[in-house]
Each structure stands twice: as structure tokens, then as C-alpha cells.
Amino acid sequence: MNNDKVYLLKKIKAMKSRMNTGIMLRSILNLMIIGAALCVAVEAYSVFRPFYHAHLTAVVILLISLIAGITVGVLKCRGMKEAAGLIDSHGMKETVITAYENMDKEDYISVMQRADAAGRIREKEDEIKQPLNVGVIRILGLICLLLVTLCLALLPAPSKQLAEEQHEVKVEAKAIEEEIEKAIEELESIDKEGLTAEEQQKLEEMMESLRASQSELEGASSMTDINQAVQRLDYKYADIADVLSQMSEQVANREMNEKEEGEREPGASPTPTPVTMANNQSQSSNSPQQAGGNSQAGQQLANASQQMQNHISGNQNGNNQQAQNGQNGQNGQNNQNGQNGQNGQNNQNGQNGQNGQNGQNGQNGQNGQNGQNGQNGQNGQNGQNGQNGQNGQNGQGGQNGQNGQNGQNGQNGQGSGQGQSNTGGGGSTQHDYVSLPNATGNDEALTGTNTGGRSEYSRYENGIGWTGQKTDPKSVIGEYTERAYEGIQNGRYPAGMEDVIKEYFSSF
Amino acid sequence: MSDFEEMQGKILACEKEISKEIIGQREVIRNVMLSILSGGNVLLEGMPGLGKTRLVNTISHVLNLSFKRIQFTPDLMPGDITGTNIMMKDESGSGFKFEPGPVFANIILADEINRATPKTQSALLEAMQEHLVTVGNVSHTLPEPFFVLATQNPIETEGTYPLPEAQLDRFMLKILVDFPNRNELKGILGLTEGFGSEPARQVLNGDELKSAIAMVRDVMVADAVMDYILDIMMATHADNKYIREGASPRAAQAIVRGARAKAFMEGRYNVSFEDVDYLAYPVLRHRLVLSFDAVSDGITPEKLIADMIKECRGKMQQVS
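Chains A and B are the protein sequences, given in the same order.
Using this note's numbering, you'd call the opening residue of the first sequence number 1 and step up by one each time.
Using this note's numbering, you'd call the opening residue of the second sequence number 509 and step up by one each time.
If we strip away everything but chain B, and leave its shape as in the complex, we get (with noise of 0.2 Å):
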């Protein structure tokens, strides 16, 4: 068995530890791993009450990387995440010394992440793109792997602070955690309740999850699949009334990245034009700005993809 088959293992071994403490949410938990595998940051967005912080403790366990978690309030400010310079005094004399906020760990969960102000928001922004914390005139690089695992409220919109686009943008992939059906919901009580559940055991260390993230990246992809990726960001910019604004390169990024860590979640060696159809909506959803007419009209932002992918595979295949 070669590494990467090896690792392929491990990663899905990772997904069925996962599931012992989440129940359901397969998806939800498929789109984080791949999220994790990208080196990208997750916007989850569910109800309250369904396991989100849950399942980020999980991942942190399962995946053996430092875990913190940041509850967002309108009062938090951006040192409560980043950190700040605190004056210290000892026999040497007295000083500033740099105190790491919450944000210095392998996996944040930001908690309901909109009720903070959106200058607190924008602490985060280069944490999650750069990997670095500025405060004052030094920088400081934070632990790798780095991720930041964002939750939102859909429904409790008073009091909260959208997040800008710029900030949206950095979240590679948008996973909506829908409400658990019967027998989920059941499983959830047996676990939580003491039913009796096997915990969830640690597969990967951090070094181990690099590994895999720099395989992930040797993923092939086929210039026809490329094509399409490509096809279908630019179809995000054609004329379409219920689109008032496409997605940003970053997102072409995100789709490449995410299908190839799907592909080798699948234990393939190269990206399937399927990957591209499931990444888009993760990717897309959140950064297709729509128009005035696409909200009166109830248009969604996953219909605008689904047709995105038809009109595309249809093109395809007419060249094909």
C-alpha cells in the first residue's frame, strides 16, 4: 500500500471516528474534512442546538490539533481574539509582553460569528487568509494546521452584524447543517443521554494532516475539468438578473482545491467533473451576491447553481 493510499485510509478512518459523536451530518462532516484537507476555512450555518460546536470539538480531537473556541458578542473586541501587549514587570525590569488571544490554536470555532461588530469580525480576516496575527507593529504567525470553523445563525438576524463580503470570501466552503431526521435525532439523544457510545478515538496528529493536505495538492486534474470549473465561475459573471455579483477567483481556487481533496477522499488520484458539481454549491453559496429581483423572486442561491452546472454540462457535451 502506497502513502497515499495509506493516508486516503487514515482520512476516511478520521470520517467514520467523526461520525461516532455526530450523528448524521454526513455531509456536514464530508464537506469539513474536505474543508480541512483544502487548508480552507468553514462557514457553518445551521440552527442552534445541532451539534456545531459538537462536531469542531470532534474533528480537533480526532485530528489531535489545539482546539479554541471564541463565543462572538456585539462587546467582543478584536484583542479578545487576537491578543494584545500587556505590561509585565519582573526583576528585569517592566515591558510589553505579546498575551496570544483564542485565535492561536489549530481549529477556532468562532461562534455565532455575525453578533460580533464587524471590526471584531475583520480581526479575523487576516488570520484566516495569512496564517498571521498583527498586533502593534509584529506579527505573529499562528499554529498550522490552521483553521477557523465559523458559525451562524440564519434566523436571529436583530442584533447582528452580516458579514461583509471581503470576510465571506475568505470562508472556502459555506455548510448549512440542517435539522437531524427521526432516527438521527434519536441517535443524538442515545448518545448524548447515556445510552453508552464508543467514543471517538484520535487518528491523525498535526504532521500527519499536513502530509495529507500536501497530497491533497497532488490530486490530478484534466484540463476538461478545469475547463469546466472555469466554465462555470464565468458563468456566475454572464448576464443573469438574479445575480447582482459573481464569485472572486478565490472561489475558482476553492472548487479546485476541495474536488481534489474529494477525489482523494475517494480514493482517487484525480478530480471527476462530479467533485466540481458537488463543491459548487459549498463554495458558490456564499458568494453569489444576489439581486433584489432573486430575493422577491424566492431564487436561491443553490438554484442559480444548479442551473449554472446544467447550462454548463450542457455546453460540454455539445462540444464533446
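Looking at chain A on its own, in the form it has when it is part of the complex (with noise of 0.2 Å):
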């Protein structure tokens, strides 16, 4: 009797397995089915339109489907009393079922009725088989499906080099993103307190610009676009790196100011500079208890500035000639004053407006040497190079002016306004003058009397220092500004400058 207790629970057993054995493969394979269906229509999808994660999109799909499929299968497994009533559906009535459910009970009944049961199976064993039912219609159709995702996969089509370009875009864009939002964070760390509500205005709009900037790029769909935001982004930098500084020297000059009015003590040491004394706030950042609260915020501020500076050395890492000229700027700021028109020499190769920076730190010197960072930002390419103008305010001698003239050409009001009024201070004439002396130039051209010693000149406006017919601006203005926009419209301008065009223009 034990022995049919031992064959039932052998035989339920094994139907079991079998059983869910079918089960699991049914759950598998159908869910597979479903995801692979949906790779092929996310494959074919990526044929059409962009859509970079495809293949992975595809992949997960898949994955998930075979989790979902061994899940459905594992929540469908059946038991034993499930396995034995499957028995009893090969013509068994109901005897396993009722045998499986009374197996503990030992009365005469249950005893025949178990014998009963086993003595059926035994009978009926070469019967009672039970197919996987998986289905080959089921295998075929997720080979096919499996087949033609692959070959989706594999088949070439513009939209999916598109997608891959349009990811690089997102890539490089979040990146820049992340460090705009360094940036801000690094903005919104300065300590406002010590800052005029002037300068708290003005910190709120770096922010603003940056976050504009972030907007920018996060719709940016080209490299071309990246390119033109990094541009801007850099020329908002050096714009952001400037301003801070000056708001820092500003900040140090109140603190001296302040620090005089409490001392107020005759015969005292002679007032340092402003910019000594930013420099020295610079050089002392670890003495905070003479710098109080605005000497925090003009740290920070400096200490903003220098990040502002990193960030555009960041941007110039792919290229290794940028860099380097972006370092040399960096040593300009660190460096003080004269020496700083020295750094700022370096700058003369950069190409961007890491020279302006310069040029600030030109406005720092007290020689002629200031004139050649305002050179240099002559040779930057953007806004950067207005500053420079400063710097030629700051210098002494004609070559300074020229410098200024040159900010103006680059960059927007400051530089122009600046710059005009340093070449007047230069004394420049309208021409240069033409020296003809007796061994040189060409005798057909002099006129008069040799003299015997005594030499001559005269004046001529066709010299080759003659700068021309002057022409009143109001007479141009509106050529040069139609041409102006002509040529935005051309393209014949750097990426990012023509803003800066069309706001010189509506200048006037």
C-alpha cells in the first residue's frame, strides 16, 4: 500500500515538472515574442528616425521580455494537486486528484481508493504523456522576429549616422552644461552681502547669461551649434572672469576706504593703490580678519574670476596651441602688476578673449609695457579685446592709444569710448609726416632749390601714413551697417561675433 502512496507522489511529481516545464517555455517564448516584436519596431523606427539607443533600446527589450516570461512563468507553475488533476484529465476520474488530496489518510477507503488510483495509472502509463505544447509555430516566429531585428539593426541608413552625431552633440553639450552649472554654483557661493546691490544686479545676470547659455545648449541639435554656443559661452566667460575682477577691485577699494576712514590717524603710511591692495587682498586670502566682509566677498569674487578663467581653459583643451596660450593668460592674472603686461605678451598668440583678461592686467602695470597688452588684445577675437582699450587708458604714450583704437575695432561702447579718448591724449596728427632728405627719395618729386646743405620738405596727403579723406560717420553709417548685416547673413563672420556686430551697430 505504501508503495502506491510512493508511485502517486512519483508519478504527480513528475507530471509536475513537465508541466511547468511547458509553462515556463509557453511564458518565455510568448513574452519573447512581444519584446522582439517590439525591437523590430523600434529598429525599424531607428531606419527612419534618429534614435541613437536603438540597438540597446532593443537589447532591453529582449531582456526584459525573458525576465517577464521566466517571471509569468514562475508565478504559473503549478502543484502537485494541479499535476495530479492534469493526470486525471488522461481518462483517470478524478482518482489521482482524490488519491493526492487524501494521502495522509490511512482508513480502508482511502487505502482503496489510492490502490485504485495507482492500479489506473499503471495502466494507462503509456498514456499519460504530457507535450511541452510549446509550439513550433511559437519558435518559428520569434527566430523571425529575432532574424529581422538583426537585420534592421544592421542596415545602414542616414538617420542612424544622424542619431550617433546628434548623441555626440548631446554628450558634449551636457558637459559644458555641467560645468555652466560649476559656474553658477561657484556665482552663487560669492558672499552678496558685501556687494553693492549694483553688483548683486550684475552677479545676477552673469547667472542669468550662463543659464542662457545652458538653455542653448541644451537645444543645440549640431556640432555646428555647440561650436557657435562655446564660443559665446567662452566670450561670457572671459565677459564674466573681467567684470568679477573689476567688482573685486572694487570690493577692495571700498574695504581701503573704509579702513581709512576708521584709522583717520595723521602721518599714517601712505594710501596703498587700489590695485596694490586687491592684489595684496589677492596675496592674502589666509588673513581674513583684515579683510572683514567685503574682503570675503572680494576673495570670492577674485576667487570667481580665476574659475570664470578656468572654465574658458577648459573649453580650449582640444586644442593644444589655445591651451597653451590660455595658460600663459592664467600666469598673467597671478602675476603682479608690470610683470603682468609681460603675461599678457604671451596672450598676443591667443585667440580668443583670454587676452582681454590680459589686457586688464595690463590696466594693473604702470609702464609702457601696458601698451603692449593692449596690443595684444588687438589680436584677440572677441569682446574681450574692448578691455583692452582700458588698458590703453591706462598706458602712456601714442602706442597706448592705438591699443585703445584697436578695442574699439574689437569690441562694443567701452572699448570704443575709452580708446578714442586716449588717442587724443597721444596727440596723433590727421597724417604722417614725409621726410625727404637730400641722398633719398625721388629728386622728380622735390621741389625748390638745392640749397647746398640746406634741405627741404613739404607736405603731400599721399604719403604712405596718409590716412585718407575723413568722412563724416553719420554719412556712412547706414552703409556700413547694411553691409554689416549683409554679411552675418552671409556668414562671412566668426561664429558667436555677430551679436556683437549687430549691437555695435545699434550703438549709434
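Please note: incorrect hints may appear among the correct ones.
[Said to hold, decoys possible] With a straight-line Cα cutoff of 27 Å, these simulated DSS-like cross-link-like pairs (lysine-lysine) come out:
| no. | chain 1 | residue 1 | chain 2 | residue 2 |
| --- | --- | --- | --- | --- |
| 1 | A | Lys93 | B | Lys823 |
| 2 | B | Lys627 | B | Lys605 |
| 3 | A | Lys105 | A | Lys124 |
| 4 | B | Lys823 | A | Lys129 |
| 5 | B | Lys718 | A | Lys105 |
| 6 | B | Lys524 | A | Lys93 |
| 7 | A | Lys93 | B | Lys818 |
| 8 | B | Lys627 | A | Lys76 |
| 9 | B | Lys518 | A | Lys93 |
| 10 | A | Lys81 | B | Lys823 |
| 11 | B | Lys823 | A | Lys13 |
| 12 | A | Lys129 | B | Lys518 |
| 13 | B | Lys811 | A | Lys93 |
[Claimed, not checked] Examples of chain A residues toward chain B, derived with CB under 8 Å:
| no. | residue |
| --- | --- |
| 14 | Gly85 |
| 15 | Lys93 |
| 16 | Glu94 |
| 17 | Thr95 |
| 18 | Thr98 |
| 19 | Glu101 |
| 20 | Ile109 |
These aren't lab readings, by the way, just hints derived from the structure by calculation.
As the structure is a computational prediction, the values presented were derived from the model and not from experiment.
Where a beta carbon is used, it is the ideal one built from N, C-alpha and C, also for glycine.
These two chains come separately, so use the hints to put the complex back together.
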């Protein structure tokens, strides 16, 4: 009798295993067919529309469908009772399930019933075979769908190339966005208590400007967009760094004034210049007790300015030459006074706003070498050149004035006004003088008589230094503006300079 | 051979003996035997002359049980069935003595039960359910085993009193007696008109029958089968425009008992789904109260039961 029990349990277990295997296979196949169909849809979509992660998505879908199939299979797994019922479906008249339910009972009817069930199974042992019912069509369907997916994945299509490009753009843009975010955080971390309302407003505007760049990068759809945005961003960084540096100096000045008012002692040591103060402050950043609230803000501004410079450097890492130049600029900022001018000269090789920053350093200088810095600004390609014009103002001599004029050309409002002023200060004439000593020049061009040792000179408005006729700007500004806008439309100007040009002409 | 198997053999032998007297009607014989083994009462519905009375008579003979026939007529009174107290006078004096009616027998044939008035019909209620008869203040126990086999004519409805639902519910099975086919009819003629036949012999007695009834109660019912029975029962109460009233719990009991009896007669120790399906028709057909829609659409109880079985089977297969 006990043999019947063992025999029944063995048969029921075997049926359960077989049944659950079939259920598991069917579940996996069913869900993988659905997954494969989705993969086909995804890959087909990627053929017509840019979808960079199509392959990854397809693989993930297949994996998910596999896992889901296994999960469903596990959830659908049947127990011994169901297996017994399945055996009964082979004409056992529910003897097996009844025997299984009463397996623990040992009364006469249960024992006889169990024996009856075991006997019936033995009689029909060959007939009781449960097929897996996986289905050939199911398997073929899955294979076909996978093959179609593979073909679509390998099929070359313009949209796939486009998707790759867009992906690169996104990656690039994201990296820059993160950098911008850091810059914004740096600005946000500045202690605003030591700043005036105007300075705070400027800070807000800087952050707003950087956020605008973030938005611009988010909407970038090509590398060209990215490059343009990066150029504009570089300009912004440089501009922000410059403004921050100025603000730092202003803060230092205010602090110095406050200190003077606080001391008010006769015979006190000479008041340090604002520049020296700012630099000293920069050097003595570990002495907050001297700086107080303002010096803390000033230090933060100086740090932020340095960070902005670093961001520019970071943007130039792709080009060795630019990176090298940028590094030079950074050195210039860190150095003191007259040496800044030399560093600025290094930046003469630079191709971006870093030069402008050097121009600002030139402002800190005290000799003609600052003028060289201004000249560096002339080499710059963006708005920092205007800042160089300001350097020219600080320089001495006509050379500085000339730099200022360059600043006018390169940038807008600020550089323009100050550069013109320097031009006047330098005493420049309308045109060059041409000296014609006796032994040089073309005799035919000489007038007068040979006085025997005495030389004469005359002036002509056709010399090599003649600047030409002067024209009223109002009479040509319209034409120039029109040309400028045509140039913008035709793409003649470097990317990112369009707004600068527009702003320049709209300032008249 | 175990007692169980021996009894199974005897019951099958009874069936065989009955078949000697009743030509054809195998399903009717089987259902009557199922009802007897389940301790239930049977309502036989069929045209006159189909051998209903002969069937009951043969069964009582084979089972060696006492048999009484009551012809129900409109003027039949309850006392005519149950018996009554009559005044007796002897040397010791006079008094009332209960005179048992024809209900006091093992097998009662209530012939054309729908011809009696409801009052008389209801006189059988207590006897059928409780196996008791109460006259005055005294209850009298009926002999065991006790079965009521009632007949009714489906076509002659004039002057009849349809059985109330409560009384119909007391009948475990309602068995339809169909007209025999040509060969069966020939066999009937040969049997009754003296072409020679072997008379049915007695196989069981009352005690053995009671023992068989006890054995039937031991037949096992798996949970799945029980659930299936419940599904069918609940299906009779589901929203169905053709069913005005579903079956009572007594119907579920009847199915379980009948299915056990069927399994027993077939030599099994457990009830199968097929047993349930088989019993669902005779158990439910008189318990389903059809709606006017069913009548107007010509829907029969058998059709509704078949639909319910199909539905429940489908649901069961889905679950498994």
C-alpha cells in the first residue's frame, strides 16, 4: 500500500515538472515574441528617425521580455494538485487528485481509493504523457522576429548616422552644461552681503547669462550649434571674469576707504593703490581678519574670476595651441603689476578673449609695457578687446592710444569710448609726415632749389602714412550697417560675433 | 474481495435483475438505483404505460422491500396516505388506535401525484424528508429504508395540481421516462404477452441496502470536484434571463450523494467530474424555475443545465 503512495507521488511530481517546464517555455516564448516585435518596431523606427539608443533599447527590451517571461512562468507554476488533476484528464476519473488529497489518510476507503488510482495509472502509463505544448509556430515566429530585428539593426541608414551625431552633440553639450552649472554655483556661492545692489544685480545678470547658455546648449542639435554656443560661452566667461575682477577691485577699494576712515590717523603710511590693495588681498587670502565682510566677498569674486578663467581654459583643451595660450593668460592674472604686461604679451598668441583678460592685467601695470598688452587685445577675436582699450587708457604714450583704437574695433561700447579718448591724449596727427632728405627719395618729386646742404620739406597728402579723407560717420553708418548685416547673413564673420556686430551698429 | 467490492457487485446484480423485468430504460433504472442508494426520492415523469409502476414493483421485489402503491386522485385525503386514528372498542374499553396508511412501507409509489390536491400532496412532505408521519400529536417513524417514487403525466394537465416548489425540492431526482424504441417495445411485448422471460430474483434485503447506503456515503469527493459542484450550483443563481429561481442547497446535496452513488455503482471510490455532470440533469431539471422568457423562447431546463456545465468546465480548465 505504501508503494502505491510512493508511486503516485512520483508520477505526480514528474507530471508537475513536465507541466511547469511547458508553462515556463510558453511564457518565455510568448513574452519574447512580444519583446521581439517591439524590437523590430524600435529598429525600424531607428531606420527612419534618429534614435541613437535603438540597439541598446532593443537589447533591453529582449532582456526585459525574457525576465518577464521567466517571472510569469514562475508565477504560473502549478502545484502537485494541478499535476494530479492533469493526470486525471487522461481518463482517470479524478482518482489521482482524490488520492493525492487523501494521501495522509489510512482508512480503508482511502487506501482502496489510492490503490485504485495507482492501478489506473499503471494501466495507462504509456498514454499519460503530457506534451510541452511549446508550439513550433511560436518558435519560428520568435526566430523570424529576431532575424528581422538583426537585419534592421545592421541596415545602414542616414538617420542612424544622424542619431550618432546628435548623440555626440548631446554628450558634448551635457559636459559643457555641467561646467556651466559649476560656474553658476561658483557665482551663487559669492557672499552678497559685501556687494552693492548694482554689483548683486551684475552677478544675477551673469548667472542669467550662463543659464541662457545652458538653455542654448540644451537646444543644440549639431556640432556647429555647440561650437557657436561654446564660442559665445567663452566670451561670456571672459566677460564675467573681467567684470568679477573689476568688482573685486571695487570691493577692495571700498574696503580700503573704510579702513582709512576707521584709522584717520595723521602721518599714516601712504594709502596703497586700489590695484595693490586688490593684489595684496589676493595674496593674503589667508588673513580674513584684515579683510572683514568686504574682503571675503572680494576674495570670492577674485576666486570666481579665476574659476571663470579656468572654464575658458577647460573649453580650450581640445586645441593644444589655445590651451597653451590660455595658460599664459592665467599666469598673467596671477602675477603682479608690471609683469602682467609681459604675460599679456604671451597672450598675444591667443585667439580668444583670454587676451582681453590680459589687457586688464595691463591696467595694473605702471609703464609702457601695458601698451603691449593692449596690442595683445588687438589680436583677440572677441569682446575682450574692448577691455584692452581700457588698458590703453592706463598706458602712457601714443602706443597705448593705438591699442585703445584696436579695442574700439574689436569690441563695443566700453572699448570704443576709452580708446578714442586715448587717441586724443597721444597727440596723433591727421596723417604722417614724409621726410625727404637729399640722398633719398625721388628727385622728381622734390620742389624748390638745392640750397647746398640745407634741406627742405613739404607735405603731400599721398604719403604712406596718410590716413585718407575724413568722412562724417553719419553719412556712412547706414551703408556700413547694411554691409555688416549682409555679412552676418552670408556667414562672413566668425561664429558668435553676430550679436556683437549687431550690438555695435545698433549703438550708433 | 472487500465488502465494498462485494456490495458493488450486488448492486450491479440488482440492476441486472431489474433489467429483466424492464426492457430498455437503462438510464431510468440506473437513476432510480442511484436515488435509492443515496436515500433519496424520485419523481418519474412520463406517459402512461411506460412501465413506471412495473419498475417500482420490480425494484421492491429485487431489493426485498415492502411496497405500497397510492393512486393519487383529486378526492384523496391526507389521512388516506398517512393513516388515521380510529376508535376501537374491545374488552378493555374503547379508545383511539392509529391505523397506518399506505405510506408505511419501504417503497411508496405515488402514482400520478399531481392529480391530488396540494393538501394531500403535502401530506407526503414530512414523510419524504423526515421519514416521519405525524397524526394528531403523535409522530410515527416510517420503516427504513424509505423511498417515495412518484409519477406524473406531463401532458394531461387539466384537473391536475402542479407540485409546489417545496415539494418538488424533496424529490432528489426527476427522471424522464421516454418512449421505448422499436426493439425495446418488442421486448416489452415479448415479456408481457408470454413469449417467455426469466423473472427477476431477489438480490438484496433491507439491511444490505442500508449497508450499501452507508458505503456510498464513504465514497470520496476531491476538493476540485466539490468546487465544480459549487460552481454549477452558483451558476443557477447567476444572472440569467431564463432562470427565475435557482436551485436550493438541497440540490447540491443531491448531486454529491448521487455522484457518490454513481461512482460506487461503477466500482470507483471517488467521484469524478463526469459523475457530477451526469447527476446535474436529474437533480436540477425540476429545481430550476424558468422565467417567462425561457418558456417563450422554448428554452428547456436541460438546455440551461448543459450551458452551465459547459461554462463551469471551461472555467475549471482555465484555472488549471
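Hint by hint, here is what the structure shows:
1. Lys93(A) x Lys823(B): holds (18 Å)
2. Lys627(B) x Lys605(B): holds (23 Å)
3. Lys105(A) x Lys124(A): At roughly 25 Å apart (the allowed maximum being 27 Å), Lys124(A) and Lys105(A) satisfy the hint.
4. Lys823(B) x Lys129(A): Distance ~23 Å between Lys823(B) and Lys129(A) Cα, so the pair holds.
5. Lys718(B) x Lys105(A): Within the cut-off at roughly 25 Å; holds.
6. Lys524(B) x Lys93(A): holds (24 Å)
7. Lys93(A) x Lys818(B): holds (18 Å)
8. Lys627(B) x Lys76(A): violated (58 Å)
9. Lys518(B) x Lys93(A): Within the cut-off at roughly 22 Å; holds.
10. Lys81(A) x Lys823(B): Roughly 17 Å between the alpha carbons, so the hint for Lys81(A) and Lys823(B) holds.
11. Lys823(B) x Lys13(A): holds (25 Å)
12. Lys129(A) x Lys518(B): violated (36 Å)
13. Lys811(B) x Lys93(A): Cα-Cα ~25 Å, so holds.
14. Gly85: holds (6 Å)
15. Lys93: holds (4 Å)
16. Glu94: Cβ of Glu94(A) sits 4 Å from chain B, so the hint holds.
17. Thr95: holds (6 Å)
18. Thr98: holds (4 Å)
19. Glu101: Hint on Glu101(A): holds, closest Cβ of chain B at ~5 Å, below 8 Å.
20. Ile109: Interface hint status for Ile109(A): holds (5 Å vs cutoff 8 Å).
Checked against the numbered hints given earlier, the structure breaks hints 8 and 12 and satisfies all the rest.
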